[in-house]
Amino acid sequence: MNDKIFKRLLLMCTAAGCIATIILFIITMIMYKDCSIISYIANGR
Amino acid sequence: MNKLTKQIAALAAVLLGFAAFDTAIYELCTKPCLPDQSSGMQAKSIELDRYLPFDDASEIVDVKSEFQLTDELPVIDGAAALYPICSAFVNAVYPEDAVSFDGTDFSAESKLQMRNTRAAYKAVVDGDSDIIICAEPSEEQLQYAADNGVELELVPIGCEAFVFLVNGENPVDDLSVDQIKRIYSGEYNNWSQLGGENLLINPLTRNTGSGSQTAMLSFMKDTEIKKNPFGFIGSPIGFSFRYYVEDVVEHGNVKMISLNGVYPDKDNIADGSYPIVSNFYAVYDKSNENPNIKPFTEWMLSGEGQRIIEETGYIPMPAEKE
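Line by line, the protein sequences are chains A and B. Counting from 1, position 18 in the first sequence corresponds to residue 18 in this note's numbering; the numbering is continuous, with no gaps. Counting from 1, position 21 in the second sequence corresponds to residue 1021 in this note's numbering; the numbering is continuous, with no gaps.
What the hints contain is simulated information worked out from the structure, not anything from laboratory work. Quantities reported herein were computed from a predicted structural model and do not represent experimental measurements. Certain hints may be false.
Distance condition first, Cα-Cα at most 27 Å in a straight line; then the derived DSS-like pairs of lysine-lysine [said to hold, decoys possible]: (1) B/1064 <-> B/1266; (2) B/1003 <-> B/1122; (3) B/1003 <-> A/7; (4) B/1221 <-> A/7; (5) B/1227 <-> B/1181; (6) B/1181 <-> B/1122; (7) B/1266 <-> B/1181; (8) B/1226 <-> B/1181; (9) A/4 <-> B/1221; (10) B/1294 <-> B/1221; (11) A/4 <-> B/1227; (12) B/1006 <-> B/1122.
Quick list of the computed label-pair ranges, beta carbon to beta carbon [claimed, not checked]: (13) A/26 <-> B/1186: 25 to 31 Å; (14) B/1287 <-> A/30: 22 to 28 Å; (15) B/1019 <-> A/29: 34 to 40 Å; (16) B/1275 <-> A/26: 21 to 27 Å; (17) A/9 <-> B/1024: 22 to 28 Å; (18) B/1171 <-> A/1: 53 to 59 Å.
Facing chain B, a subset of chain A residues (Cβ under 8 Å, in silico) [unchecked claim]: (19) 20; (20) 24; (21) 38.
Note that CB positions come from ideal geometry on N, CA and C, so glycine has one too.
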């Protein structure tokens, strides 16, 4: 694999990782926005 | 290691790094939201069938009253925390065929419904419910009633302590009313300022229109609630009504804190020494023509009605307490 292809793959992997992180964060926030206040306290610190 | 192997390893390291990071975010966000495993809490919040009327296995207070309603039965509804009282009232006064439950919820024709506070206030204004048993309405709920030309009658039938909760491992056991207000106004943002660990304070709030959020806004009066944007990495404080959390306090990793040195047990609530006690009400539309609404709410204040409230675990109205 030459350096140009490697850099392109590295960039693509990084971009895909960032996008996946943002999507996961949004989905998690939506799914758990009605989290029980009691559960939150009990399972928190 | 040749160049190709190093390149593949670098790509794999990037992907694995993201996977680990995403897993950590998911754990951080969802771990505090895992359902509480306390059976009593589950029953109170979800399992309607454990508090059904006319059921030998029900956990409601089983009182059979001489006062009976036979026709023009008011639809009774209310807050989830007060559902055992609603159900016991129906069990005491209504005929058995007034309630139909399909295994998960009450059917549309059932005279007992359980929509919870926000939907119950809407239902009583819209005419879908005749009497709701709830904490006091929020400004938005009163405005919704006014916008629809409905004047609500609020009959206080019992009372309950408004309590503050922290994690069971939090060393703070007592706060003053002023300290609570300063926490929720953002003045205190670290538990070390209150004798606790060096952890940020995460002051939790509820949905607008829920009974406890309305009570909290009333408690804070004109002081604006400010949430610390980084509080989620700290240790939380929340609020609720005592009955709703007593089981989870007994069996879960949550504790109620004393206010001004007074713990919210039944004796301290009944004698008035606990500083924040809220009434809960039978609420109905003043123009509702159902003839049984007034006699039924008056019965709620009778010895039998108040006995149900007390034996369910709430505090009866002081003047009516036997």
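Results of checking the hints against the structure:
no.	hint	result
1	B/1064 <-> B/1266	25 Å, holds
2	B/1003 <-> B/1122	68 Å, violated
3	B/1003 <-> A/7	13 Å, holds
4	B/1221 <-> A/7	59 Å, violated
5	B/1227 <-> B/1181	12 Å, holds
6	B/1181 <-> B/1122	30 Å, violated
7	B/1266 <-> B/1181	24 Å, holds
8	B/1226 <-> B/1181	10 Å, holds
9	A/4 <-> B/1221	64 Å, violated
10	B/1294 <-> B/1221	32 Å, violated
11	A/4 <-> B/1227	48 Å, violated
12	B/1006 <-> B/1122	64 Å, violated
13	A/26 <-> B/1186: 25 to 31 Å	27 Å, holds
14	B/1287 <-> A/30: 22 to 28 Å	40 Å, violated
15	B/1019 <-> A/29: 34 to 40 Å	20 Å, violated
16	B/1275 <-> A/26: 21 to 27 Å	41 Å, violated
17	A/9 <-> B/1024: 22 to 28 Å	25 Å, holds
18	B/1171 <-> A/1: 53 to 59 Å	57 Å, holds
19	20	6 Å, holds
20	24	5 Å, holds
21	38	5 Å, holds
The structure shown violates the earlier hints numbered 2, 4, 6, 9, 10, 11, 12, 14, 15 and 16.
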